[in-house]
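Number of protein chains: 2
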Amino acid sequence: MNKKAFQDCYPEELSHCYGCGKNNKEGHQLKSFWQNIDEKNVIASTTVARCIPDIKYTAVPGFVYGGMIASLIDCHGTGSAAAMAHKVENREMGTLPPLRFVTGALNVSYLAPTPQGVELELVGTFSEVKARKIIVEITLSANNVICAKGTVIAILMPESMMKANT
Amino acid sequence: MNKKAFQDCYPEELSHCYGCGKNNKEGHQLKSFWQNIDEKNVIASTTVARCIPDIKYTAVPGFVYGGMIASLIDCHGTGSAAAMAHKVENREMGTLPPLRFVTGALNVSYLAPTPQGVELELVGTFSEVKARKIIVEITLSANNVICAKGTVIAILMPESMMKANT
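Sequences listed follow chains A and B, in order.
Just so we're aligned, residue 3 is where the first sequence starts under our numbering, counting upward by one.
Just so we're aligned, residue 3 is where the second sequence starts under our numbering, counting upward by one.
For the record, the hints were derived by calculation from the structure and aren't laboratory data.
Just so it is clear, the structure is predicted and the values come from calculations on it, not from any experiment.
Mixed in with the good hints there might be a few duds.
Heads up, the list lumps identical chains together, so a pair's fine if it works in one copy or across two of them.
Said to hold, decoys possible - Derived BS3-like pairs (lysine-lysine); straight-line CA-CA distance at most 30 Å: (1) K58 - K135; (2) K27 - K151; (3) K42 - K58.
With these hints in hand, go ahead and build the complete structure from the sequences.
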């Protein structure tokens, strides 16, 4: 198994995302990994990412702001989609051509206030896997309590965005 | 009409949000206002916010990252909900007791890449207005092109969060 984070396998010119790009020094640099790979039924595999948001990403003191939670779910979703797309093609991330996904739609339900200063765990499962569209369902937990759930409809990056950056 | 931004009327102890709190010096400090007030049918009123995201909030170079867009929609939604709640009670924001809203659910559809270096305009309309639940529909435009649409289901802040900060 490739132990590099999904996002660290993105092409250099597509690694500037504030949420997860390794080339964005001021951003969150979220790192997503396979949690479990089901080789017999690949789309039953799960992904995971963990982070402790910086204290500045406050909602009201003591709690993480909703935009941060949306951002983490978004980037874990598109990262998981990219990883799955490569897995379905039975090749490692980082091999060519890159399959980079953008968000078509993002739905987040905030179930409980998300505490600050605690490691957040995002777990992704897949509800739909097609060549150009992958839907990722994500839970975000703190202290083993689910604080938010999200759905990311991830779309293969349009060539116009790829070309503009290569 | 009160020309202060909705968010600048929040209680001091509830003004730390990274997206819109005036007391969060590192955050976006989004400012929302009434765009049009329909005095005969208050819930037909509309709200507006404008901002140019800092260049660091990149998706891929040239475009704003999805988490920022979600954050702006979120904060314009909860701000608009707070303003509407006060308007329905026929009193100015900043009068007591404060009516502060949090996000129950956030849905964002990304319709087109959002360009950087351009003023973004968020316009909010109201599809449901109840004492404890207000639904705000938001468009986010750049150069008069709608780049994203969002729905914010805003819930009156639970007393547990209010008490924790007062």
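Of the numbered hints stated previously, which ones are contradicted by the structure, given in increasing order?
Checked against the structure, the only hint that fails is number 3, while the rest are satisfied.
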